[in-house]
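J.: So the chains spell out like this:
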Amino acid sequence: MSAPVVVADGVRKRFGDVEVLKGIDLTVHSGEVMCIIGPSGSGKSTFLRCINALEMVDGGRLFVQGQLVGCRADASGELYRLNDREVAKCRQHIGMVFQRFNLFPHMTALQNVIEAPTRVAGRDRSRARTDGMEMLRRVGLADRADAYPRDLSGGQQQRVAIARALAMEPELMLFDEPTSALDPELVGDVLDVMRQLAHSGMTMVVVTHEMGFAREVGDSLVFFDDGAVVEAGHPGDVINHPQHQRTQDFLARVS
Amino acid sequence: MLLLAVAMLANSLVTNAAWDWPLVWRFLFARTVLHGLLLTLEFTVFAMAIGIALGIVVAVMRMSGNPIVSGVAWAYAWFFRGTPVLVQIIFWSFVGALYPYLSLGIPFGHEFVFFNSNQLIPVYVGVVLGLGLNEAAYMSEIVRAGILSVDHGQSEAAAALGMQHRLVMRRIVLPQAMRIIIPPTGNETISMLKTTSLASVVAVTELFKAVQQIYGANYKYIPLLVVASLWYLLVTSVLSIGQHYIEKRFSRGVTVRPVGGRAR
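Chains as they are written, first to last, in this note's numbering: chain Z, 1 to 255; chain F, 1 to 264.
Rather than coming from a laboratory, the hints here were simulated on the basis of the structure. This structure is a prediction, so every number in the text was calculated from the model and none was measured. Do not rely on the hints blindly, as some may be mistaken.
Below, computed lysine to aspartate or glutamate pairings styled on DMTMM-like, alpha-carbon distance capped at 20 Å [stated by the list, open to error]:
| id | chain 1 | residue 1 | chain 2 | residue 2 |
| --- | --- | --- | --- | --- |
| 1 | Z | Lys22 | Z | Asp9 |
| 2 | F | Lys248 | Z | Asp151 |
| 3 | Z | Lys89 | F | Glu156 |
| 4 | F | Lys248 | Z | Asp9 |
With the C-beta cut set under 7 Å, the calculated list includes, among others, these residues of chain Z facing chain F [stated by the list, open to error]:
| id | residue |
| --- | --- |
| 5 | Asn52 |
| 6 | Asn83 |
| 7 | Arg85 |
| 8 | Arg91 |
| 9 | Met96 |
| 10 | Arg100 |
| 11 | Phe104 |
| 12 | Pro105 |
| 13 | Asp219 |
| 14 | Asn240 |
| 15 | Gln243 |
Partner residues are not named here, just some residues of chain F that face chain Z (Cβ under 10 Å, in silico) [said to hold, decoys possible]:
| id | residue |
| --- | --- |
| 16 | Gly153 |
| 17 | Gln164 |
| 18 | His165 |
| 19 | Gln176 |
| 20 | Gly242 |
| 21 | Phe250 |
C-beta: ideal position from N, C-alpha, C; glycine also.
Construct all of the structure, not just a fragment, from the sequences and the given hints.
T.: Here it is in structure tokens:
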């Protein structure tokens, strides 16, 4: 397989007294679509948020593109936290899509998309606009470029959010339950966009409850429970022949 | 009943000669009064400018993860909200008496530059400082409430795009916080307009001191207080209208439609 994009080596995270990640070992390769499933509170979203340093890892090592996430090791292996500017720089190459879209409500769809390219990447405004329109066309919303988020449906908002993340030309896309807040009839459009993106070769980590998507689009499927990876493998194998009782119970409940 | 009371009041306003409307009219545009009005407006504008700018800084400091930074911000609000603004105005106006000379140089060593602080901080500046520093303490709490009202997902989404903390504040959080910040800030501005009358105690001839001087000479207390009140009312009205338009500007994308209106 091709080069690893994300490498997790015994990643641990605790919130107060609760250990939410109890030593996660995972590798995501370039071009791979990894789906993560598991009951709520199993730590899957927390793990995703660790990948772009929205949460800081407490133990173990987490690498993206060979670089430690959120910190730097000196010659003796001592870890130092990166400052605001350095963390922000790392995040530029990682797109993230949230369950609740989090579009900026005071900006139009197009303004949402070009905000980071112009203010962060320092791209020329007119070029950013052209690129931004292209991104909106890719997600099927070129005609809604001037609409404010409140005038868009949930599915449209989520597609704008995907376009916004793609506008920074990321090497890795993280999806945190991207369809969980949507009305059932709107889920399809968002999944279509994600499927397209997967086919274009994007490396993706998707926390989801959509078994159909995981089976059809995913290259690998990971089952999280109680802060640990219980089972991982090819989606078809994990879904059709789960080896562990906990995986079997979970799959029985969601399908 | 209410109408009757209003009618009686109107009647007395017109018929009671002690109101002396011709005198009110004559002094409404008197030089001293207009000059006082101008000073009042200047104090309001500069004090609010300091109050808002410093208020934002203090609010952001207060929400910092660094305990020293947030502690300093807390202490600032504690001190300036805890002492009367009148005392602060008098203090800043006469701070020159406390430190008659300000100098730049090595402590206990050679001094490079001297200032006579009575010249450096004239009473005018003292009033603006007193009002502005006090206002910043109140504004910081208003700004903090506004920042807290913005969903945390907004700063996360901005951070995930690679935006640094300052940019997130300036471009994403503060513009949304404005919706919450503006109405109480309008209140503060209107309140400030009237609080500037405290400057009369340090012998600054703003609007209130101006009419005081006039009725001190002609003993027409009531008509001249009416003169001042009319100007305060007029400016307050203009400010309210301005606030309306600023609110509209910052409600882009979140205009609340009446209940029962079409959802989308």
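J.: All hints are to be evaluated individually against the structure, with a verdict given for each.
T.: Taking the hints in turn, this is what the structure says about them:
This hinted pair checks out: Lys22 of chain Z and Asp9 of chain Z have alpha carbons roughly 11 Å apart, not beyond 20 Å. A threshold of 20 Å between alpha carbons decides the hint, and for Lys248 of chain F with Asp151 of chain Z the separation of about 17 Å falls inside it, so the pair holds. At most 20 Å may separate the alpha-carbon atoms for a hinted pair to count; Lys89 of chain Z and Glu156 of chain F meet this at roughly 15 Å. Among the hinted pairs, Lys248 of chain F with Asp9 of chain Z is inconsistent with the structure: their alpha-carbon atoms are about 52 Å apart, more than 20 Å.
Using the Cβ-Cβ criterion of 7 Å, the hint placing Asn52 of chain Z at the interface with chain F is satisfied: the shortest such distance is roughly 6 Å. Below 7 Å, beta-carbon pairs count as interface contacts, and Asn83 of chain Z has none with chain F, the closest being about 10 Å; its hint is therefore violated. With a least beta-carbon distance of about 6 Å to chain F, the hint placing Arg85 of chain Z at the interface is held under the 7 Å criterion. Checking Arg91 of chain Z against chain F by beta carbon gives a least distance of about 5 Å; that is within 7 Å, so the hint holds.
With a least beta-carbon distance of about 4 Å to chain F, the hint placing Met96 of chain Z at the interface is held under the 7 Å criterion. Taking 7 Å as the C-beta cut-off, the interface hint given for Arg100 of chain Z holds, the closest approach to chain F being about 6 Å. Satisfaction of the interface hint for Phe104 of chain Z is found here, the shortest Cβ-Cβ separation to chain F being roughly 6 Å, below the 7 Å cut-off. The restraint placing Pro105 of chain Z at the interface with chain F holds, with a minimum CB-CB distance near 5 Å, inside the 7 Å limit.
For Asp219 of chain Z, the interface hint is violated, the least distance from its beta-carbon to any beta-carbon of chain F being 24 Å, above 7 Å. A distance limit of 7 Å between C-beta atoms decides the matter here; for Asn240 of chain Z the minimum to chain F is near 35 Å, and the interface restraint is violated. The restraint placing Gln243 of chain Z at the interface with chain F is violated, with a minimum CB-CB distance near 35 Å, outside the 7 Å limit. The closest approach between the C-beta of Gly153 of chain F and any C-beta of chain Z is roughly 4 Å, which is under the 10 Å cut-off, so the hint is satisfied.
With 10 Å as the threshold, the beta carbon of Gln164 of chain F comes within range of chain Z, its nearest partner Cβ sitting at about 5 Å, so the hint holds. Satisfaction of the interface hint for His165 of chain F is found here, the shortest Cβ-Cβ separation to chain Z being roughly 5 Å, below the 10 Å cut-off. For Gln176 of chain F, the suggested interface contact is upheld, since its CB lies about 6 Å from the closest CB of chain Z, less than 10 Å. With 10 Å as the threshold, the beta carbon of Gly242 of chain F stays out of range of chain Z, its nearest partner Cβ sitting at about 20 Å, so the hint is violated.
Satisfaction of the interface hint for Phe250 of chain F is found here, the shortest Cβ-Cβ separation to chain Z being roughly 8 Å, below the 10 Å cut-off.
Comparing the model with each numbered hint stated earlier shows that hints 4, 6, 13, 14, 15 and 20 do not hold.
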